[in-house]
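Asker: Sequence:
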Amino acid sequence: MLDITKIQGTESLPSGVDYDAYVLVFGIDDKQSFNDAVDFLYRFRKEDVHNCLVVLVANKVDLVRNRVITTEEAKGIASAYDCKYIESSTILNHHLDELLVCLVSEIRSRQRKSRSSHEKTSQKSRSPVSPKHLFNKLFRRGSISKSYENLAED
1 MLDITKIQGT ESLPSGVDYD AYVLVFGIDD KQSFNDAVDF LYRFRKEDVH NCLVVLVANK
61 VDLVRNRVIT TEEAKGIASA YDCKYIESST ILNHHLDELL VCLVSEIRSR QRKSRSSHEK
121 TSQKSRSPVS PKHLFNKLFR RGSISKSYEN LAED
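Its first residue numbered 1, the sequence shown is counted upward by one per residue in UniProt numbering.
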């Protein structure tokens with residue numbers, strides 16, 4: 001399911017909803033939209049939401065002459081706030097497909113990782129350790145620790 005919500009300025013973050021991803025779009029020709037996106041990122045990360053995918057999208061790259069936000073500046077913010085970054089143009093349909101593919105593949109990848117880690121922890125908690133397994137783990141043959149080997153060589 002895709003839910004598109006427009007948040008401007010100091011509007012509060014959506015609460016009570018568990019989103020898979022946020023896409024923050026700003027115009028490269030609009031310093032205020034960039035500042036709003038940075039403010040959102042600051043508040044979002046301050047609330048310690050680090051498991052959610054965030055993509056920072058620089059839109060209107062077709063307006064090169066009107067550009068006030070540099071690629072380096074936007075990439076720096078994306079890096080500082082642990083976000084993906086992409087430049088696009090809705091007028092030219094530039095990088096929109098890549099954005100959607102990136103979103104879907106990242107969300108699926110995170111869901112797979114979450115499921116596999118959940119399965120691993122539930123398997124560990126369910127399976128009792130057999131005495132044979134415990135014995136083998138304690139008295140492994142040929143597994144001398146590296147620190148002991150270094151001491152023996154001196």
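Simulated from the structure, these hints should not be mistaken for laboratory data.
Keep in mind that the hints are not guaranteed to be accurate.
What the hints assert, rightly or not - Subject to a maximum C-alpha distance of 30 angstroms in a straight line, what follows is the list of computed DSS-like cross-link-like pairs (lysine-lysine):
| id | residue 1 | residue 2 |
| --- | --- | --- |
| 1 | LYS113 | LYS75 |
| 2 | LYS31 | LYS113 |
| 3 | LYS46 | LYS84 |
| 4 | LYS75 | LYS46 |
| 5 | LYS31 | LYS75 |
| 6 | LYS31 | LYS84 |
| 7 | LYS46 | LYS31 |
Asker: Take the hints in turn and mark each one as holding or not.
Answerer: Structure-based check of each hint:
1. Of the supplied pair hints, the one linking LYS113 and LYS75 holds, its CA atoms being roughly 26 angstroms apart against a limit of 30 angstroms.
2. Only pairs whose Cα atoms come within 30 angstroms are accepted, and LYS31 paired with LYS113 is rejected, the gap being roughly 37 angstroms.
3. A C-alpha spacing of about 18 angstroms is found between LYS46 and LYS84, which places the hinted pair at or below 30 angstroms, so the restraint holds.
4. Under the criterion of a C-alpha separation no larger than 30 angstroms, the hint pairing LYS75 with LYS46 is consistent with the structure, at around 20 angstroms.
5. Between LYS31 and LYS75 the alpha-carbon distance is near 15 angstroms, which keeps this suggested pair within the 30 angstroms criterion.
6. Between LYS31 and LYS84 the CA atoms are separated by roughly 20 angstroms; this keeps the pair inside 30 angstroms, and the hint holds.
7. A distance of roughly 22 angstroms separates the Cα atoms of LYS46 and LYS31; the hinted pair therefore holds under the 30 angstroms criterion.
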